[in-house]
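Hints given; two lone chains; assemble the complex.
Chain residues, written in single-letter form:
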Amino acid sequence: MTRRKILLSAVTAVCVTVGLLVGLRATGVFGPSAGDSGGTRPVAAENTLGAGNRDLSGRIQPHGNGRPSPATLWVDGCDHNYVKASDNMNVCVPKIAPGGVPVDCEFLRKSGFGALKVTGTDSKNLAGTGGNAPRGTTVCAD
Amino acid sequence: MTGSEKRRRIGRRRALAALLATAAVQLVAVVVVTPESARAITCAPEEWAGDYFANPTLTGAPADSRCDGNIGFDWGETGPGIGGIGGAGYSVRWTRNALFQAGEYSFTATADDGIRVYLDDVLVIDEWRDQGASTFAATRPVAAGTHKVTVEYYQGVGGGLVRASYTGGGDPGPVPPPPPGGCTGDCQGSWQVLPYESPVRSVHATVLHTGNVLLVAGSGNDGAAAANNQFVSKVWNPSTGEFADVPTQEDLFCAGHTQLPDGRILLAGGTLEYPTPTSNYKGLAISYIFDPMTNTYTKIGDMPGGGHWYPSLVNLGDGSVFATGGLNENGSGNVAVEMFDSRKSQWKPFNEVPQTYFYWGLYPNMVLMADGRLFYAGTHTFGNALPNTSGSEIYDIATGTITDVPGLRDIDFRDQGATVLLPPAQAQKVADFGGGNTYSDLDPTSHTDIIDLRQQDPQWTAGPDLPAAKMYVSAVILPDGKVFETGGAKHNYPEYAVHEASMYDPVTNTFTPMPADPLARMYHSESFLLPDGRVASIGNNPATGAFDLGISVYSPWYMSRPRPAITAAAEQFDLGSTQNLTVSGNIGRVTLIRPASVTHQSDPNQRSVDLPTTGTGTNISVTVPSNPNIIPAGYYMMFAQDTNGVPSVAKWVHVG
Chain A
52 MTRRKILLSA VTAVCVTVGL LVGLRATGVF GPSAGDSGGT RPVAAENTLG AGNRDLSGRI
112 QPHGNGRPSP ATLWVDGCDH NYVKASDNMN VCVPKIAPGG VPVDCEFLRK SGFGALKVTG
172 TDSKNLAGTG GNAPRGTTVC AD
Chain B
16 MTGSEKRRRI GRRRALAALL ATAAVQLVAV VVVTPESARA ITCAPEEWAG DYFANPTLTG
76 APADSRCDGN IGFDWGETGP GIGGIGGAGY SVRWTRNALF QAGEYSFTAT ADDGIRVYLD
136 DVLVIDEWRD QGASTFAATR PVAAGTHKVT VEYYQGVGGG LVRASYTGGG DPGPVPPPPP
196 GGCTGDCQGS WQVLPYESPV RSVHATVLHT GNVLLVAGSG NDGAAAANNQ FVSKVWNPST
256 GEFADVPTQE DLFCAGHTQL PDGRILLAGG TLEYPTPTSN YKGLAISYIF DPMTNTYTKI
316 GDMPGGGHWY PSLVNLGDGS VFATGGLNEN GSGNVAVEMF DSRKSQWKPF NEVPQTYFYW
376 GLYPNMVLMA DGRLFYAGTH TFGNALPNTS GSEIYDIATG TITDVPGLRD IDFRDQGATV
436 LLPPAQAQKV ADFGGGNTYS DLDPTSHTDI IDLRQQDPQW TAGPDLPAAK MYVSAVILPD
496 GKVFETGGAK HNYPEYAVHE ASMYDPVTNT FTPMPADPLA RMYHSESFLL PDGRVASIGN
556 NPATGAFDLG ISVYSPWYMS RPRPAITAAA EQFDLGSTQN LTVSGNIGRV TLIRPASVTH
616 QSDPNQRSVD LPTTGTGTNI SVTVPSNPNI IPAGYYMMFA QDTNGVPSVA KWVHVG
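These protein sequence lines map, in sequence, to chains A and B.
Mind the numbering: the first sequence is residues 52 to 193 in this note's numbering, read in order.
Mind the numbering: the second sequence is residues 16 to 671 in this note's numbering, read in order.
Just chain B, same shape as in the assembly (with noise of 0.2 angstroms):
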């Protein structure tokens, strides 16, 4: 039995009470009744229902059914664990009905034995006999609405391994006109240090859904705070400057982090061990999850795959989370990739995770596709020196291929360069800032890349060069549809520091330098959105072992202006609904934020959503995209923009 699944199994005495009940019906279904229609169980619109048949031929009655997240099994000899079918001779048919964007969709199976994958009931591959463990793909035109997509599997004997998907249409819906209206005067805004410092060496920073943030330092980059077991987490309220102690019982420096459906975080990995003189940093597998409401640490399962010392963690459309990257309790490059499974709160097995076992490196800045795809796109912290770390792929989870992405400039010169994708969402572009080398002594780049991942083969092309090459970039999108860079140095040492700030326009594609961070900002710093609007900066960590407590907070030109405000909304956005929305000011956007959690200048799940808007006036409409990998489950910020460009302050929706 997997677990990963969500099982809806009949109960045998309910089973049992059913046939002594309708013995004569079903003796006629059996002959009557395709296996289809056997099913007993209805699934959630994202999930696949399974009929297990304990015969290779799906023939009669199913063994069994259930619900399965998606169609990735490694069964082996071992067989689905389902009750009377073993390792051999079994088959299974998946169905769902999903909603399809309009677009050229590709199916991709690989099965050790037989597979057939099903549009609306029209063969899209046919591999139906016995072979080892192949990958068959298909692109079909898809219209728009809802559609039957059928997976029929058999194993005959041997290992079972079966995974199908589709991808590659991913149809992110039109893209959003341009923000309206914009800064005309007094644009640059202001910085703050505050006059209080951080009580944690904030290495890691999550915005919660309380509008507090979460700030860890677990040792903290002290190894002699890791000798100690003294390990520390704080709760920052931005608007109060207190903060709340949170007993941390495990070293989460160096761990990754990101938000779940439900609004809790979840942190895996860590510091195992500091490097010596003989060998590296060495990863822990452990991972816990924070509940922003009591302000606490619940320990969950290790992550099967072993330690991950720097791993990135992307949410996935599904509500899974995906986890790989960094160095492993031996020190050495951890290539598994994990999946968390967020509605049972545990790490999926090994076995039932796709791999391929390619070495992603340390924090890969990894963005979530509308089709479901992985986009790696070339930075990460550390480790140029690594295989694989130079360049950018895509990656197709349910199938394991890597498709290398052509165009990406300095591919060795990437380390601690920002990425981010491009207000908004739907627009699937993505782009580089700076990043450099830490094993050369050569300075960074300027250079930045931009891609537009819907276009058929992306590629990247040339954008405008930063004001200042530098590493160690902060990007953060800003709620009038902007991103603001800042942070960063040459080298990490005081007198490297870079003192430039600048605003990136996705629409013009332009910098406009912006003031400077009065402090500098180089490695284990990072920048954040507020709810309010503001940039929150904080960390530094330069190679002295120094570590710098100070905060310094943004105020972009908007915060100076009158705000629009959003009055009424719901508290939940379903995917493809539509909601209506209270608001003062002459609203013209309407846009989701996810809130940060970010590591190294790093967090490859930032987002931001345009929502369509419809009405005038005090009460309007607005339309949440349907697809969820353009909006992942989960708490974001909803911004409202009037028509000179002004946003509200952040209302706190659910999504998903």
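Isolated chain A, as found in the complex (with noise of 0.2 angstroms):
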């Protein structure tokens, strides 16, 4: 086989396999997480008014491809490892706390919270022990 016919095998299985996984994502196969991939719900026919749609001003935002939009992990802002205390009721220990300073127990006493449980990951190291504190631990208590 001349050096010619090597390349020219090789860019043609590179082509395949890119084409192959292009189309493998396209049908979903590699598309995004199996909880919202499309296939739960009717799907009317995707992007109807793609290329060579016409509007009066020609500002035609994207449209989307009939799937989820994706959202961010707790999109109240609020840091969901944790509960209250006394009666597990949901909080908001905020991602980040206003004018920056830290989401710690002085913040949260100041801001109200009582005595908060770990639910999940002591993500702010409210329990002082680097974050590994387990759940049900009781923070910030008085």
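None of these hints come from the bench; they were simulated from the model.
For clarity, every value in this text was computed on a predicted model and none was experimentally measured.
Heads up, a few of these hints could be off.
[What the hints assert, rightly or not] Quick list of the computed label-pair ranges, beta carbon to beta carbon: (1) B:Ser205 to A:Gly165: 28 to 38 angstroms; (2) B:Thr255 to A:Arg160: 40 to 50 angstroms; (3) B:Ala583 to A:Leu124: 51 to 61 angstroms; (4) A:Gly165 to B:Pro479: 36 to 46 angstroms; (5) B:Leu457 to A:Gly165: 21 to 31 angstroms; (6) A:Thr123 to B:Arg424: 21 to 31 angstroms; (7) A:Leu124 to B:Ala59: 44 to 54 angstroms; (8) A:Ser137 to B:Ala583: 54 to 64 angstroms; (9) B:Lys314 to A:Gly165: 36 to 46 angstroms; (10) A:Asn116 to B:Asn112: 34 to 44 angstroms; (11) A:Ser137 to B:Thr93: 54 to 64 angstroms; (12) A:Thr188 to B:Arg424: 39 to 49 angstroms; (13) A:Asp138 to B:Pro479: 42 to 52 angstroms; (14) A:Asp138 to B:Ser599: 49 to 59 angstroms.
Ideal placement from N, C-alpha and C gives every residue a C-beta, glycine not left out.
Take a look at the structure:
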């Protein structure tokens, strides 16, 4: 096999592989997470107003592809690793505090929070153990 | 067969009898009568009369005829569901005689395959050929009066799709004159904290045409209540202070809601699941109708596009309700557009609603424009980190086109800012007040931006700053033509509450400081106009999880003045009609204010419509706008304002 044929074969193999990957993604095999695969509800024809669409101003926003839009974890801006210790009510320990102050027990007490219980990861290190406090640990108690 | 059209088929037996009785006449008619005259149905003025042909050339008598609420069908390869018509080789002619205001109108059509649009039998769009889904638009000047619009469509082979509408003119009529009179002294008004508390974590408040207020908590941002299926709704009588319990079966916390054309309340979406250390809030697809006369919910079908946690519901001119936004049943952004058919009390099938899959965010504040399009004002609840939520757009529902609107400042600081269609609705001006960014440690904005949607190419312009920078802002239209802004905070902690309120005057474009609500009003707070002209504020849910159940009521200046009165009026106001009112006082202005249906300070349907007034003394006449996009159907609070600027107590009327 000549060098040119070897090169041609390699390029062809790469193209086929990429094509397969693109195709699999387009068909959802390598799409977004399984929970939002889009296969659980009817989907009308996608992007029917795609290329060639004309409106009066020419300023057309891009349309989605029919799949749900990604959402930030804890879209409400709260760190949901904690609940109120006394009754397990959900509270809003902020991901980030006003004015850039650290989210620590001092800030939380000042803001009116009582004792909290860790339900996930002690992401704010409120137990003072390097974030390794086990679930169920009470933090920021008076 | 679609689920949204009012079907009026000629019965088979009746058709056969007619055929036998008039066979000879029919034979002649086939030769000399145009296809249009073969139509045998009568449709409501806002509907399209559709003749469906079992051939692609609109030839011969239609296989069937029916009334369609709008032209927006994605029939795919299954066809329109008409007997004798399959998925290929058919055609449709729709006609509608509609009342137009004078102005430039934009006709838009999308089709796969051929499409033609006529105005008064003159071609406006002519794209009669095989093609993939393509959108076409044309603009024509239209004189005031009734005009015939015709849309012709054919489907060859492959998937069938057709949409057509006209917007872009949408003349909202003349801008009404400024309100008469106005306060000249002792203008501050006063607050009262009621001696009783709300028995419900009122995250959602809807003023009913009975004068009562539906307060909905669902689980009320209490995960333990949700886990125990403890869902609460109450009906509050502001006159007596009584609360009636409303059995609530599912978690309507974080639903969207609005008044339907018949005065009942549609609630859609809710909370499927609270967040965990690894997941988001998740949305329900449920929907209920609340009847103010019986204080009961009736469960109806789910939204076909899935769960919506924080959807916005917007009333449209044709009586349907548009819904979009929020998080779905998996905690991701729901990109579906839902459409509620009010006449059938059910959601349209997903594939009958134009879908662009654009994500509009959480509780996106969208305002119905005079031409039927939706204006997204760039304010929302949370979501600055999500795609598409920052900035402002116009959305054409019928065609699915989205047009960017420039000029809004602080686009990443409009979380829980207020949006209000300024009075009067005919002026088509929208204001954004304040807003923040939940994901930032920075303070919110004091900026106010205003846009005039009557302009050909609208863009935001800077307004006067709020007296204080804040988010969680409520804006309430008052019957004297002002907008009362109240409540808010810099951040959702008690020490950051902003105790400030002011009166915005759309005529002078100024804020005047007013007394502040004695209670903090931050997250999960609402303010709304009561029928007697006062403003009620309720709810407050700081980050600690506490919930303030106190109710405060603001009495504007006019509450301490002698009030004019509407002593007699019809209960029903048809669009375009002239109505006689019996009044006391020297009346200079009459308005219709849509009762609030508000959550998270967001009420996309809030509007005040001026009724042109003639006559003086005790008998006056008012004219109801004919454009249903200016005044969507439903119950309204009618106020008569005297020449001193003092409004009456509201009289309830039904419009549309």
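Each hint tested on the structure:
For B:Ser205 paired with A:Gly165, a C-beta distance near 35 angstroms keeps the hint of 28 to 38 angstroms intact. Checked against the hint of 40 to 50 angstroms, the pair B:Thr255 and A:Arg160 passes, with Cβ atoms roughly 41 angstroms apart. A hinted range of 51 to 61 angstroms holds for the C-beta pair B:Ala583 and A:Leu124, which are about 58 angstroms apart. For A:Gly165 and B:Pro479, the hinted distance range of 36 to 46 angstroms is satisfied, since their beta carbons lie about 41 angstroms from each other.
Between B:Leu457 and A:Gly165 the CB atoms are about 27 angstroms apart, so this pair conforms to the stated range of 21 to 31 angstroms. At roughly 24 angstroms, the beta carbons of A:Thr123 and B:Arg424 sit within the given window of 21 to 31 angstroms. At about 48 angstroms, the CB distance of A:Leu124 to B:Ala59 agrees with the hint of 44 to 54 angstroms. Taking 54 to 64 angstroms as the suggested C-beta distance range, the pair A:Ser137 and B:Ala583 conforms, at roughly 58 angstroms.
In this structure the hint that B:Lys314 and A:Gly165 lie 36 to 46 angstroms apart at CB holds, the actual value being about 38 angstroms. Between A:Asn116 and B:Asn112, the C-beta spacing of about 40 angstroms keeps the proposed range 34 to 44 angstroms intact. Here the CB-CB span from A:Ser137 to B:Thr93 is close to 57 angstroms, well matched to the stated 54 to 64 angstroms. Between A:Thr188 and B:Arg424 the CB atoms are about 45 angstroms apart, so this pair conforms to the stated range of 39 to 49 angstroms.
For the pair A:Asp138 and B:Pro479, the beta carbons lie near 45 angstroms from each other, so the given range of 42 to 52 angstroms is met. For the pair A:Asp138 and B:Ser599, the supplied restraint of 49 to 59 angstroms holds, since their beta-carbon distance comes to about 55 angstroms.
Violated hints are absent here; each numbered hint is respected by the structure.
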